Amino acid sequence: MEEPWATAALLAACGLLLLLAGLASPLSGRLGVPALVFFVALGILAGSEGIGGIPFDDFETAYTLGTLALVLILFDGGLNTPISVLRRAWARASLLATVAVVITAAVVAVAAMGLGLSPLSAALVGAVVSSTDAAAVFSVLRNSGLRLRTSTAATLEVESGINDPMAVLLTAAVTGIALGEVEIGWGLAGMFVSQLLVGLVGGLSFGLVGRLVLRILVLPAAGLYPVLTVALALLAYGGTTVAGGSGFLAVYLAAIVVSHGPMPYRAGIRRVHDSMAWLAQILMFVLLGLLVFPSRLVPNADEGLALAAVLAFLARPL
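Using the numbering used here, the first residue of the sequence shown is number 41, and each one after it goes up by one.
One thing to keep in mind: the hints can contain errors.
Just the calculated beta-carbon pair ranges, DEER-fashion [as the list claims (entries may be wrong)]:
1) 264 to 107: 20 to 26 Å
2) 143 to 346: 29 to 35 Å
3) 335 to 258: 53 to 59 Å
4) 229 to 63: 45 to 51 Å
5) 233 to 66: 32 to 38 Å
6) 284 to 344: 33 to 39 Å
7) 150 to 258: 56 to 62 Å
8) 105 to 341: 35 to 41 Å
9) 71 to 349: 17 to 23 Å
10) 256 to 341: 56 to 62 Å
11) 253 to 352: 41 to 47 Å
12) 71 to 255: 40 to 46 Å
13) 284 to 142: 20 to 26 Å
It is worth saying that the hints were derived from the structure and are not from the lab.
In this text, all values refer to a predicted model and were calculated from it rather than measured experimentally.
Even glycine gets a Cβ: it sits at the ideal position worked out from N, Cα and C.
All chains, full assembly: derive it from the sequences and hints.
Have a look at this one:
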């Protein structure tokens, strides 16, 4: 298809997907099903094997856009996390983000080996699914109508925002071992400590710089302040990741630090980030749906459902 029709068709398809995703959100509330499930289903239906027929199997693009989406979601989560909640939930959340992640990975890996996977493949599956997804947790806690105790909700939310280092460590370790690039030993522990400490320092540093900039800088238009906070989120992730730390942890902490300092047009900034977080959720999960090929799922459905059951009813409760 030639221009400008190709661009017009692409934009029309994106607009239609966004419209359908927006319409699915109130429906999910009535049915008691997380909106994210509808977003993934929408992506599957729009994919190459669905009624939309959109061919998409670019995993690198999906990774880049998914990372951007998660950065925006985590930053919005940090902006809405009161410091009192963080103090109350920090200890339990830290335990869940480290020890519980390892236990979850181990349980799923054992189950995967029982289903016939090789030890390394089983360990990789366990590592990939070991951490809770921040996008899913934030969405379910804030939009599903669940009534949890304040301490429980706070623990789950903070844990989902800080569990990235352990999940990254496990996945990188298993991948490195499989490729012969990493040996089991103190190097793995050092990798985790580095991810955690550099992420912590990076998040606090970028957050304090952001607070200073927002306090002293006077911009000619209110709409420019959310531009600054988006820039802060991207810098916190990119700078910390390049430095060898957990960029996702840094984004979450930077947002918490910024939100508890002087912030011009605070309500407006939060509304903008809330909208961007919703857009990011739709983008991320529709993309995941587009990457699903139903014809490839059917042959492995039994094993996949069995592992999902182990994860939901055994590994997570442990």
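Determine whether the Cβ-Cβ distance between residue 71 and residue 255 falls within the hinted range of 40 to 46 Å.
45 Å, holds
Kindly confirm whether 35 to 41 Å is satisfied by the beta carbon distance between residue 105 and residue 341.
Cβ of residue 105 to Cβ of residue 341: about 27 Å, so the range 35 to 41 Å is violated.
That 33 to 39 Å hint for residue 284 and residue 344 (C-beta), does it hold up?
34 Å, holds
Does the hinted range 45 to 51 Å hold for residue 229 and residue 63 at CB?
The hinted range 45 to 51 Å holds for residue 229 and residue 63, with Cβ atoms some 48 Å apart.
Is 53 to 59 Å respected by the C-beta to C-beta distance linking residue 335 and residue 258?
57 Å, holds
If I claimed the Cβ atoms of residue 264 and residue 107 lie 20 to 26 Å apart, would that claim hold in this structure?
25 Å, holds
Verify the CB-CB distance for residue 150 and residue 258 against the hinted window 56 to 62 Å.
58 Å, holds
State, for the Cβ atoms of residue 284 and residue 142, whether the hinted interval 20 to 26 Å holds or is violated.
21 Å, holds
Lying within 56 to 62 Å: is that true of the beta-carbon distance residue 256 to residue 341?
57 Å, holds
Could you tell me whether the CB distance from residue 253 to residue 352 stays inside 41 to 47 Å?
For residue 253 and residue 352 the Cβ distance comes to about 43 Å; the hint holds.
Assuming the hint says 32 to 38 Å, is it satisfied by the Cβ distance from residue 233 to residue 66 or not?
45 Å, violated
Quick check: does the Cβ-Cβ distance between residue 143 and residue 346 fall within 29 to 35 Å?
19 Å, violated
When the structure is compared with the earlier hints, violations turn up for hints 2, 5, 8 and for no others.
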